[in-house]
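Please assemble the complex out of the two chains, which come individually in their own frames, going by the hints.
Chains as they are written, first to last, in the working numbering: chain H, 1 to 243; chain Y, 1001 to 1072.
To be clear, the hints were calculated from the coordinates, so they are not data collected in a lab.
Beta carbons are placed, not taken as given, at the ideal position from N, Cα and C, and that holds for glycine.
Don't take every hint at face value.
What the hints assert, rightly or not - The list that follows gives simulated cross-link-like pairs (lysine-lysine, DSBU-like), each with its CA atoms no further than 30 Å apart:
1. H:Lys76 <-> H:Lys143
2. Y:Lys1006 <-> H:Lys189
3. H:Lys10 <-> Y:Lys1006
4. H:Lys143 <-> H:Lys84
5. H:Lys58 <-> Y:Lys1047
Stated by the list, open to error - Between beta-carbon pairs, the in silico distance windows are:
6. H:Leu202 <-> Y:Ile1042: 34 to 42 Å
7. H:Thr214 <-> Y:Phe1028: 20 to 28 Å
8. H:Ser116 <-> Y:Ala1021: 22 to 30 Å
9. H:Glu65 <-> Y:Gly1009: 42 to 50 Å
10. Y:Phe1012 <-> H:Val197: 25 to 33 Å
11. Y:Asn1033 <-> H:Asp16: 56 to 64 Å
12. H:Ser199 <-> Y:Ile1042: 42 to 50 Å
To be verified - Here are some chain Y residues the structure puts well away from chain H; computed CB gaps all over 12 Å:
13. Gly1018
14. Leu1022
15. Trp1026
16. Leu1031
17. Leu1032
18. Asn1038
19. Asn1040
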Amino acid sequence: MQVNPLNQFKIKKIFDISLIGIDISITNSVLFMICAVLSVLVIFAFVIRVRHTVIPGKFYLAIEEFYLMMANMVNKNITSHDRKFVPFVFSLFIIILVFNLFGILPGSFTVTSHISVTFALACVVFCVINIFGLVTQGFGFFKMFLPSGTPMWLAPMMIVIEIFTFLARPVSLSLRLAANMIAGHVLLKIIAAAAVVLSIYLKFIPISFIVVMTGFEVFVAILQAYIFSILSCVYIGSILDAH
Amino acid sequence: MEVGLKFVGVGFMAIAMGLSALSVGWIFSSLLNAISRNPNIIDQAQKNAFVGAGLAEAPGLFGFMIAIVLIV
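One chain only, chain Y, in its complex shape (with noise of 0.2 Å):
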């Protein structure tokens, strides 16, 4: 296999990242539209939106986890 190849693999890793902090922004736009609309659940919705904001970055970092092991 080619080693520059593997640089190239390497960088498409970016997409995931890249995926996963746009899930993370829609989460939290979504959280922002909910609290103004209605106030009241903000401990509610913060809460579940944290977490799901935990959840949703986690796929990217898996991406992440792969380009360490390519390059090292």
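Only chain H is shown next, with the shape it has when bound in the complex (with noise of 0.2 Å):
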């Protein structure tokens, strides 16, 4: 029995709409991106309906928490602008974290699998990056592909250099992302395939695998939407603090 492991990225139409001569056909990917954030809304409108209590409850204190860990996390990183980015880069690690837990159930399919959902977020974080550089800092902006104390001579190298760094962030960004999201699925699949195919006195190993190959995809999800939420913060950092 043959399965392309790779089957389980295919996007498929269940609606069909245009508008315009412009297809915007409900897919399984907009499905299950809906899905994500009606989910985050349901959870966040539940704690902010028991907010009126007198003791918060577990929910409300976890939540918070949780909103505490960003906004240290950002005021770390973007000393000059305080808690102005919080929100952005909170709902940027929320939605990510959701949409990469949403791919873990089985069955689903992972909406963070395909580079054009993840550059499309690393854009965003790239246009605030240049948006806010050029507002805040005007030509002072385009210093930042100098770095102090070069000798002249290096200089037209350095500008190249920096440019070129520039320019790979958010592709590093957006495919880092995607393909920590396809190699775990990928793996799962053909551990799968593995179990389908083995005689029964040994299918339990690669079952027993699949269950700790489970539960390590879930660490790599939050691990990835931690590690792209903090990068952001890092870059932006970069820019608006720069002197």
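As structure tokens, then:
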């Protein structure tokens, strides 16, 4: 029995919708995005509803601790703009986390395994970096391409290298997330195929391995969301805190 | 181009995975060293080590992506 482990990343149309010649059909990717966003909204609305009691419950404390962790991280990395970027980084973190965690459910579709999705998220970060850098520093923004203390004869080469480093940021940011998700899910499917093929006395080996790897995938999902948000913080901070 | 050489290239991508695994191992061995020398820094060191491990395994996964592009 041959099953292509990349079949799980195929996008299928569920509802066919087209608006003035533009295809805006509901695919399984869109469906899981909607589910993820709705689940976040429902959980947070539930938490806000119970806020008016005298003693906040466990959920409220959990979400508040979660928020404080992100706010702490943002304030450590972006020192000049106090708390201005907390909502942006928090929503980035939580949306990537929920997309990743929804992908681990058996039979579901991993939204972040497509580079188009992750590159769009990375482009948002890139645009934020450029716009806020240009607004807050004007033409001083371009000083970033020449690190201070560079000898004059090295300057042309350094500028080219720094520009390429700057442009490679969204690519590496998006590719890291997508590659991690693809690798984990392909690995799970390959082990599952081994479980199908092996004889009945040996099936317990791949099945127990799948359980361990699924736990590891949950860890990777949380870790990659954290890395994405902390790197966005570092990039924004490196632009805005430069003088 | 010979079709068989494509799979040789895919096999070479395993070097990228192996080297990134080596780097992740280095990060965690350094973490153990640091914690056993000074147990007070365990929180900060652990957080940095996990972020570093996530960054270090990325190049191996880039190689894996190229292998997938070659195969499919």
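**Request:** Check each numbered hint from earlier against the structure, then list the numbers of those it violates in ascending order.
**Result:** none
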